[in-house]
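These protein sequences, in sequence, are chains A and B. Position in the first sequence (from 1) plus 2 gives the number in the working numbering. Position in the second sequence (from 1) plus 2 gives the number in the working numbering.
No lab work stands behind these hints: they were computed from the structure. Every residue gets a Cβ at the ideal spot worked out from N, C-alpha and C, and that includes glycine. Any given hint could be a false lead.
Claimed, not checked - Derived Cβ-Cβ restraints for the label pairs, each shown as a range:
(1) B/10 - A/47: 54 to 60 Å
(2) A/124 - B/132: 54 to 60 Å
(3) B/129 - A/74: 34 to 40 Å
(4) B/47 - A/114: 49 to 55 Å
(5) A/186 - B/179: 22 to 28 Å
(6) A/181 - B/154: 43 to 49 Å
(7) B/28 - A/117: 17 to 23 Å
(8) A/107 - B/10: 25 to 31 Å
(9) B/70 - A/212: 45 to 51 Å
(10) B/10 - A/90: 54 to 60 Å
(11) B/35 - A/179: 21 to 27 Å
(12) B/199 - A/91: 16 to 22 Å
Number of protein chains: 2
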Amino acid sequence: MNLILLDPADLTDDHHAWVRDPRRLRHLREVHRARPGDELTLGVSGGSIGRGRLVSLDEDGARFALDALDQAPPAALDIELVLALPRPRMLARSLEHVTALGVKRITLLHTRRVEKSYWQSPELSAEKIHQHLVLGLEQARDTVMPEVELETHFKPFVEDRLATRLKVRRGLLAHPGMQAACPRGLTSPATLVVGPEGGFIPYEVEALLAAGCQGIHLGSRILRVETAVIALLARLG
Amino acid sequence: MNLILLDPADLTDDHHAWVRDPRRLRHLREVHRARPGDELTLGVSGGSIGRGRLVSLDEDGARFALDALDQAPPAALDIELVLALPRPRMLARSLEHVTALGVKRITLLHTRRVEKSYWQSPELSAEKIHQHLVLGLEQARDTVMPEVELETHFKPFVEDRLATRLKVRRGLLAHPGMQAACPRGLTSPATLVVGPEGGFIPYEVEALLAAGCQGIHLGSRILRVETAVIALLARLG
Numbered sequence: 003m004n005l006i007l008l009d010p011a012d013l014t015d016d017h018h019a020w021v022r023d024p025r026r027l028r029h030l031r032e033v034h035r036a037r038p039g040d041e042l043t044l045g046v047s048g049g050s051i052g053r054g055r056l057v058s059l060d061e062d063g064a065r066f067a068l069d070a071l072d073q074a075p076p077a078a079l080d081i082e083l084v085l086a087l088p089r090p091r092m093l094a095r096s097l098e099h100v101t102a103l104g105v106k107r108i109t110l111l112h113t114r115r116v117e118k119s120y121w122q123s124p125e126l127s128a129e130k131i132h133q134h135l136v137l138g139l140e141q142a143r144d145t146v147m148p149e150v151e152l153e154t155h156f157k158p159f160v161e162d163r164l165a166t167r168l169k170v171r172r173g174l175l176a177h178p179g180m181q182a183a184c185p186r187g188l189t190s191p192a193t194l195v196v197g198p199e200g201g202f203i204p205y206e207v208e209a210l211l212a213a214g215c216q217g218i219h220l221g222s223r224i225l226r227v228e229t230a231v232i233a234l235l236a237r238l239g
Numbered sequence: 003m004n005l006i007l008l009d010p011a012d013l014t015d016d017h018h019a020w021v022r023d024p025r026r027l028r029h030l031r032e033v034h035r036a037r038p039g040d041e042l043t044l045g046v047s048g049g050s051i052g053r054g055r056l057v058s059l060d061e062d063g064a065r066f067a068l069d070a071l072d073q074a075p076p077a078a079l080d081i082e083l084v085l086a087l088p089r090p091r092m093l094a095r096s097l098e099h100v101t102a103l104g105v106k107r108i109t110l111l112h113t114r115r116v117e118k119s120y121w122q123s124p125e126l127s128a129e130k131i132h133q134h135l136v137l138g139l140e141q142a143r144d145t146v147m148p149e150v151e152l153e154t155h156f157k158p159f160v161e162d163r164l165a166t167r168l169k170v171r172r173g174l175l176a177h178p179g180m181q182a183a184c185p186r187g188l189t190s191p192a193t194l195v196v197g198p199e200g201g202f203i204p205y206e207v208e209a210l211l212a213a214g215c216q217g218i219h220l221g222s223r224i225l226r227v228e229t230a231v232i233a234l235l236a237r238l239g
C-alpha cells in the first residue's frame, strides 16, 4: 500500500479522512507500523493524491489530517487489454499487475481453450475483482479504477464490439508465430489481445485479424500468460 | 511443459529416452494427456531440441523414440540479473519468469531491506532453485540452465565482484527517482540490478553507482519487484 486509497465516503470533511475497514487498518498496523504523527501518501478514488498525517489509530479506526490533495495520479497507459480468461489464481495476479502498469480497460474473454469452469470462479465476483484492482492502484500510487468487462461469447464480441473499437485504436494480437515483432514505445492508443494458456485456435486468430488486429510476437520463447502480459505492456508502453 | 527437458541420464541411446520421475510423468498424463504415438518437443539439458514420439507410458515410465534433436535452443538474453533476495514465494515465481525470459545468470543479493529470515527459506535450497529453473526452461522451450549465485554480503559483492563485471558489461540500477528512463532494446551485454520491496537505502544506491551502474527508472508508478523485473527485462531485451 504505497498509497492509501480513500473512498469519497472516507472523507469526513475537506481536510479529514476516517479509515475503518479491517484490511487497511491491518496494513497500517502490520506493514506500515504507523504511529500517530506519521506522514503517509493518500489519494481519493478517481481523484488526486497528496500527503496526510495520521492523527489517531485505535479501535475506532484511523483518522488522518490531510494536506491539499493536489497532485495528479500517474498518467494512464493508453493500452486496453483483451485477455482470454485465465485460471483464477493467475487472474487475480494479472489484474493486480496490469492495474499497477496503468491499464484502464480490461476485457476478460471466453475462447475455445478457456476452461468453462473458470467462469464460475468466486474470483470473478464484482467484489473480488474490485479488491484486486484496489491492490494494483495502491501499489502504483494510482487512484483511477480500471473498468473490467466480462465477455462470455467470443464471436459477437470480436466481430461487433472489438471491430468497432479498432476503428479508432490500433489492434495488436499477441500470438506465437505471427509475423511482426512486438513494437516498442507506442505513441497512439492501442488494444492488446492476449490468448489463453495453449493459445487461440486458428479460427479465433482469423476472426481477430479480420476484426482489424495486427499479429505480433515476442520471439520464439513461449511465456506464461502472466509473464507475457507484463512483458508486452512494458514493451508497448 | 512446452518442452520435455531430458537429463543426459534419461537417454538410453542416441535415439531413445526414458523418463521416470513422478513430476514429469504426472504432467504427461494430466496436462498433455499423452498417449503412445503422440509427438512431443524434447530437449537435452544444455543441448539441442527436437521432436520425439511417445512409445509407451505406464508404471515403467515414459519411453520416447527421438528424431534428430538438431534445433538450437532459443537465443539467451544477454542481461544478467542482480536481485535483492525477494520473499520466498515471490522468489519462486521470479526465478521461473526470468528463466523463461532467457536470463542466464542470476545473483541473489542481501541488502538492508531484505529480511534476514528469507535466507533461511527452504526455497533457497539448491534442489528447489533447480526445480524453478527447470519449470522456466520447460515453459520457454529452452535447455540452457541459468547459473544462480547467492551473495549474502552487499559490500564485498558490489565493490569487488560487481565492479569487475561492469568493466565489460553495462550496469543498470533500476531505482525509483533515478534520472534516466529505462533504455529500450539493448544491443550490448548488461547487468540489471533490482532492489527489494521498499528499495535500496541511499548508501546502497551510492555504492552501486560508484561500482559503475547507471541509474534508470520505469516511470512514476511503483511496481512490485516481480512485475518490475519482467517489465525491465522486456523493455531492455
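Evaluation of the provided hints:
no.: 1; hint: B/10 - A/47: 54 to 60 Å; verdict: holds (57 Å)
no.: 2; hint: A/124 - B/132: 54 to 60 Å; verdict: violated (35 Å)
no.: 3; hint: B/129 - A/74: 34 to 40 Å; verdict: violated (49 Å)
no.: 4; hint: B/47 - A/114: 49 to 55 Å; verdict: violated (34 Å)
no.: 5; hint: A/186 - B/179: 22 to 28 Å; verdict: holds (24 Å)
no.: 6; hint: A/181 - B/154: 43 to 49 Å; verdict: holds (47 Å)
no.: 7; hint: B/28 - A/117: 17 to 23 Å; verdict: holds (19 Å)
no.: 8; hint: A/107 - B/10: 25 to 31 Å; verdict: violated (49 Å)
no.: 9; hint: B/70 - A/212: 45 to 51 Å; verdict: violated (39 Å)
no.: 10; hint: B/10 - A/90: 54 to 60 Å; verdict: violated (38 Å)
no.: 11; hint: B/35 - A/179: 21 to 27 Å; verdict: holds (23 Å)
no.: 12; hint: B/199 - A/91: 16 to 22 Å; verdict: holds (20 Å)
Going down the numbered hints, you'll see the structure goes against 2, 3, 4, 8, 9, 10, while the others check out.
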